[in-house]
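Trainee: One-letter residues, chain by chain:
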Amino acid sequence: MILELQHVTKDFEGLRAVDDVSLSVDEGAIIGLIGPNGSGKSTLLNLISGMASPSAGKIMFDGHDITQKQPDAIFQLGLARGFQDPSLFFQMTVLDNTLLPVKYQHGEHPVWAILRGSWMRQERAHSVSALDVLKKINLREHFGKRAADLSGGQMKLAEMARSVMGNPKMLLLDEPTAGVAPNLAYSIFEQIDAMRRDLGITFLIVEHRLEILFDFVDSVTVMHMGRVLAQGSPTEIAANDEVREVYFGD
Amino acid sequence: MPGPLLVDSLVRSLQVGSLYALMALGITLTMSVIRLPNFAHAEYITVGAYTALVVSLAVSSNPVVILGLSALAAALVALICHFAVFRPLEKRNPSTYTMLLASFSVGLILRYILFLLVDRFDLFDRRIAVPLEIWYRSNSIILTNVFFWVVPTTLGLVLALSALLNYTPLGREMRALANNFELARVIGIRVERVKSLTWILVGLLAGVSGALWGIYSSVNPLMGWLAILSVFAAAIMGGMSSFVGTILGAYLVSFSENTVMQLLNYYLGLDFSFKPAVPFIIIILVLLLRPQGFTEFFNRARGLQR
Amino acid sequence: MNIDFFATAIALLTFFGIAALMAISLNLEYGVAGIPNFGQALFVSLGAYTAGITYTRLMPLLAGQEVIFPCGNTLNPALQLRTEIMRTLPGVGLANFAITLVIAAVIGGIVGYGISYLTLRVRQEWYLALVLLVGGEIVRIIVRGYEPIICASNGLSGIAQPFNWLDNAQLASILFALMVVGFAFAAYLYSERLVRSPYGRLLKAVRENERVARSLGKNVARIRAQIMFIGSAMAAVAGVLFALNIGFVSANDYVVTLTLDVWVMIVLGGLGNNKGALVGALLVTVLDRVTAIVAIQLNMLGSEFEFNYLRFILFGVILLLMLRYRPQGILPEPQHTTLAHDMSDAS
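Protein chains in written order, with the numbering used here: chain Y, 1 to 250; chain P, 1001 to 1306; chain E, 2001 to 2347.
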């Protein structure tokens, strides 16, 4: 069990956005998190990634208690997240974007930065792996391009590439296929599957496109009004009456 | 500490506090409705003071005439600055620092234009020509007519402003703009018109406060610039959005500068040359300890809310 | 007209070097890292006051003499002492100078570092600007009123530049100018190198989107504090050089206008561009000094017109025009890519 939420609750000025949610994710799994708008999915992601802190409950990741930890500390422990809105650094190049998350860079220090010898070799090695990753998603030729000049689909892929560079053990994704054409959406999920297979990364994915999501996830958690409504395999969830009612008003 | 000394400093705190309140309200209005930290406000005040001087020397010593013309002059200057500088800049979606620098520059230009004019017309070291009379005398205090102009005028203007904000359509539009800019535009509020009218209001306030300040103390081209940090301190106490908070802040700043300073000097021997540091220390303390000012306490009160 | 062109040029060069140092420090803080530092007056003044203290309290000790209180009754003996030391013991003078630089840089850096953490609590970003502006004023008022630092409002004179023991005054001023420009150049090189390194990449990311940077594992608060340390240290060094250049330390030299001047330099020259910072520093220095000279000359010729006032108006107008029509500055930010790109081109 790499991620565990125990009775996590979040209150906002009288509104209970997340209500006694317990969840556990096994290493190497791909878990889907679904629910209608306002059900608390984004808040839950914020709580896990450290951008908000729970009013009650505990969150454990890879043996560490991350309930009150800051986002940067959580990243260093191996838990990374993606954002719904494009979160690339648009004024920087694709390569710089990809190189940024790499941990323990010697050159990221105000003094050593000017002594090139201390980080050149490392930077070169990182660049090679970064370019490799970019190659897998067909962005290698664009490495020097400003991120703002990429197409929407390319941006999504670049963000995925960037997430991988930090060597995460687990990735939280917030609607990774939002606003993307169906065939590209499918290939994004194929990348996710490939990353699980080749790199052993665990995934927790918030997603609305159920038809694609259900093809790739091991299990699904459904949220409604801040609580966990149902949990199970995609088939079980699809057949669950309560879930259908919440989603389709059957 | 001797009674008369204390009473005297309290009277002074009251007068200066009233003036700071008028000036700070202008800043609060600017910050909440127009979202601009306007350092040129200092110069609107100075313009008001010099208009008062010129009017008193050349036209009339009637305080109502003086105050009225000063208010109008400052309002005109505020409008000109809006149309000539701030509006064209705002259209390009600038950063806050661009606007900050712009307002500093506008202030700089206005200040030295005033210097030029004062030099040309030999207005240095002149006092506003209003008759000074003692209207009340007792064992411990002497109150002049100036006192009775400053405090009631402040009160009157504050009430008028509050009435305007709460009971008129313009006031409603201004408050809507202060609360939620994007939404206000969507509802169909004519943003540009409200902004222009707000600037006029801000200018009027600055003009009156400048004239009164000039009558109360003296007139020099740097007077606005020298007072502006005290004024900002007061506005910050009000969290840049609450009227009551701003007014209270103004009196608090004035009280610290005058009465508290007097006490520190009398009992601890602290030299008066440290007096300008008082509003600065207040600003830092408020910003670090309670950055939202005192708005929370007055959330339900009148005034602009965030 | 009675102008010594050569001396003026040397003076201009010295002022330019000091201005350049300040501009590069602010450009690093705001142009590259996105930290709006409105505290130049504060940090520069800290450097100058440090110089005031070391030249009156430390230097006599280094020369094996007693320290004489530099104000009030003992003002003249103290002044004579330090003038004599600087003339006859150049080694001591230079050593004192070096120590002053180090102490000033450390003090400036620590204050900058501390302020950076304090202001994490401040709500709106521009409140930080106000805190720094106001902080500078508070320090100025305290120093102006509390005698032991630089003799309150009287200030300290006789704070001479480290080469003034030379018999040839012109040579002394040339050497000092070159040294100042050397410092500016070192700052420039440092800043340029930094920008192309992984640290520069980090700064640009933090500047653009702090939230995402944090979610990618970067400790934004610490990075900001680091930059503030470096920038403030640079500004403090500039303050030492400034005081030595005019030979006098007075609290009234470090007013809000100084902070504004440096901002004007980087806005004019181009945000985020080190060359732009140099260009801006040059422009502002030239504008400032030339108009000052013109004002004096006009006055000497008996002109009634107070050109001094016009200087400021001109300044404000130029700044407004730039903000309106060319907000990116004269030299826009270069598309500096990190060295990784040069390496990748080959592979």
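Calculated directly from the structure, the hints in this document are not laboratory data.
One thing to keep in mind: the hints can contain errors.
[As the list claims (entries may be wrong)] Quick list of in silico lysine-lysine cross-link-like pairs, DSSO-like style, CA-CA up to 30 Å:
| # | chain 1 | residue 1 | chain 2 | residue 2 |
| --- | --- | --- | --- | --- |
| 1 | Y | Lys135 | E | Lys2275 |
| 2 | P | Lys1091 | E | Lys2275 |
| 3 | Y | Lys145 | Y | Lys169 |
| 4 | Y | Lys145 | Y | Lys103 |
| 5 | P | Lys1091 | P | Lys1195 |
[What the hints assert, rightly or not] Here are some chain E residues the structure puts well away from chain Y; computed CB gaps all over 10 Å:
| # | residue |
| --- | --- |
| 6 | Leu2012 |
| 7 | Ser2197 |
| 8 | Val2212 |
[Claimed, not checked] What follows is a set of in silico ranges between Cβ atoms, one per label pair, in the way DEER data are often shown:
| # | chain 1 | residue 1 | chain 2 | residue 2 | range |
| --- | --- | --- | --- | --- | --- |
| 9 | Y | His7 | P | Tyr1267 | 56 to 66 Å |
| 10 | E | Arg2211 | Y | His7 | 49 to 59 Å |
| 11 | P | Asn1265 | E | Val2294 | 43 to 53 Å |
| 12 | P | Ala1058 | E | Tyr2117 | 28 to 38 Å |
| 13 | P | Leu1143 | Y | Phe12 | 32 to 42 Å |
| 14 | Y | Ala181 | P | Leu1079 | 31 to 41 Å |
| 15 | E | Glu2066 | P | Asn1265 | 50 to 60 Å |
| 16 | E | Phe2185 | Y | Glu4 | 29 to 39 Å |
| 17 | E | Phe2185 | Y | Lys145 | 46 to 56 Å |
| 18 | Y | Met1 | E | Phe2185 | 54 to 64 Å |
| 19 | E | Leu2287 | Y | Asp65 | 52 to 62 Å |
| 20 | P | Asn1265 | E | Leu2061 | 52 to 62 Å |
| 21 | P | Leu1159 | E | Val2294 | 24 to 34 Å |
Note that the Cβ used here is the ideal one computed from N, Cα and C, for glycine as well.
Trainee: Each hint should be assessed against the structure and marked as holding or not.
Mentor: Quick rundown of the hints versus the structure:
{"no.": "1", "hint": "Y:Lys135 to E:Lys2275", "verdict": "36 Å, violated"}
{"no.": "2", "hint": "P:Lys1091 to E:Lys2275", "verdict": "29 Å, holds"}
{"no.": "3", "hint": "Y:Lys145 to Y:Lys169", "verdict": "29 Å, holds"}
{"no.": "4", "hint": "Y:Lys145 to Y:Lys103", "verdict": "23 Å, holds"}
{"no.": "5", "hint": "P:Lys1091 to P:Lys1195", "verdict": "13 Å, holds"}
{"no.": "6", "hint": "Leu2012", "verdict": "30 Å, holds"}
{"no.": "7", "hint": "Ser2197", "verdict": "4 Å, violated"}
{"no.": "8", "hint": "Val2212", "verdict": "5 Å, violated"}
{"no.": "9", "hint": "Y:His7 to P:Tyr1267: 56 to 66 Å", "verdict": "58 Å, holds"}
{"no.": "10", "hint": "E:Arg2211 to Y:His7: 49 to 59 Å", "verdict": "27 Å, violated"}
{"no.": "11", "hint": "P:Asn1265 to E:Val2294: 43 to 53 Å", "verdict": "44 Å, holds"}
{"no.": "12", "hint": "P:Ala1058 to E:Tyr2117: 28 to 38 Å", "verdict": "56 Å, violated"}
{"no.": "13", "hint": "P:Leu1143 to Y:Phe12: 32 to 42 Å", "verdict": "53 Å, violated"}
{"no.": "14", "hint": "Y:Ala181 to P:Leu1079: 31 to 41 Å", "verdict": "52 Å, violated"}
{"no.": "15", "hint": "E:Glu2066 to P:Asn1265: 50 to 60 Å", "verdict": "35 Å, violated"}
{"no.": "16", "hint": "E:Phe2185 to Y:Glu4: 29 to 39 Å", "verdict": "56 Å, violated"}
{"no.": "17", "hint": "E:Phe2185 to Y:Lys145: 46 to 56 Å", "verdict": "33 Å, violated"}
{"no.": "18", "hint": "Y:Met1 to E:Phe2185: 54 to 64 Å", "verdict": "58 Å, holds"}
{"no.": "19", "hint": "E:Leu2287 to Y:Asp65: 52 to 62 Å", "verdict": "59 Å, holds"}
{"no.": "20", "hint": "P:Asn1265 to E:Leu2061: 52 to 62 Å", "verdict": "36 Å, violated"}
{"no.": "21", "hint": "P:Leu1159 to E:Val2294: 24 to 34 Å", "verdict": "52 Å, violated"}
Hint check: violations occur at hints 1, 7, 8, 10, 12, 13, 14, 15, 16, 17, 20, 21; the rest are consistent with the structure.
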